[in-house]
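J.: Produce the entire structure from the sequences given, and follow the hints as far as they go.
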Amino acid sequence: MTTQSKAIAASVPATAGITLAFITGLALLMASGYAQATALHDAAHDGRHAMAFPCH
Amino acid sequence: MAKNLFVSAICAGIAAGLLASVLQFTFVIPLLLEGELYETGARVHFGADGSPQSDRGAPSLGGDWARHSMTVAFNIVTYTGYGLLLAAMISFAALKGITTSARQGLIWGLCGYIAVQLAPAFGLPPELPGTIAAEVGQRQLWWISTILASAVGLGLIAFGRSYLPVAGVILMAIPHLLGAPHLDTFFGVAPPELAAEFAALSLGAAAAGWVMLGYVVAATLKRLES
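In order, the protein sequences belong to chains H and V. What the first sequence shows, in this note's numbering, is residues 91 to 146, in sequence order. What the second sequence shows, in this note's numbering, is residues 0 to 225, in sequence order.
Please keep in mind that the hints were generated in silico from the structure rather than gathered at the bench. In this text, all values refer to a predicted model and were calculated from it rather than measured experimentally. Where is the CB? At the ideal position from N, CA and C, for every residue including glycine. All the given hints hold, so there is nothing to weed out.
Derived Cβ-Cβ restraints for the label pairs, each shown as a range: (1) T128(H) - S161(V): 44 to 54 Å; (2) A104(H) - V165(V): 23 to 33 Å; (3) A121(H) - I106(V): 24 to 34 Å.
Only part of the chain V face toward chain H is listed, based on derived beta-carbon distances under 10 Å: (4) A19; (5) Q23; (6) L127; (7) F197; (8) L200; (9) A204; (10) G208.
T.: Structure representation (structure tokens):
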């Protein structure tokens, strides 16, 4: 295996890990900042105002 | 690889969330509670006698620990979410040969603050409770578009070759030239000074949180790699 193909082989799981982290981050932010469900909204209310999410 | 990203994002999310919470409870939440007095009508600023005067002074934080602990939890979850995005982007840059030291992490955090807090606030300032504003869907659309345009714009400014940084500046300006959704009428019931203080202090607290986030993400990623 040449050095270059090793580097490519190593970067495939790296890219998968980066994608996974990115999507999980977006999902967390959707729930905490974007979702309009009443229970979530009430719990997150003060934080959303303080963090300037468009809230209601 | 994925584990390192998650560990660094969680460490950074806790550190930034706690710092932001301390700053919010010291500076921001008291003004938020004071704003609620006007939202509910417990205090009136623009009275029926035409007098635009009212007493200054925030109510105490009170004993509503359920509410306040939810705020801290919200901060940690939100900063962990942003931390995951930041860790993913720093690692993606590393694949492209751009290494990030802990101190450069401060700049990543500052750019995150500009993209996610400052640029959207340029069109939609942080709102006191009770502020009447344009329909929430329109504001969310403008808000998310501005964050995306600002993040891509900052990336082009930081890493773009040739004229790409100029394109980055233009991209950052476009949402503001188009304009954020606003109503044709002002409805504010709270004193303008209170709303201004709230907006400025919110942005300041967020700046501190984001710089902490960028530093801890970069520092822990560096440590876990070696």
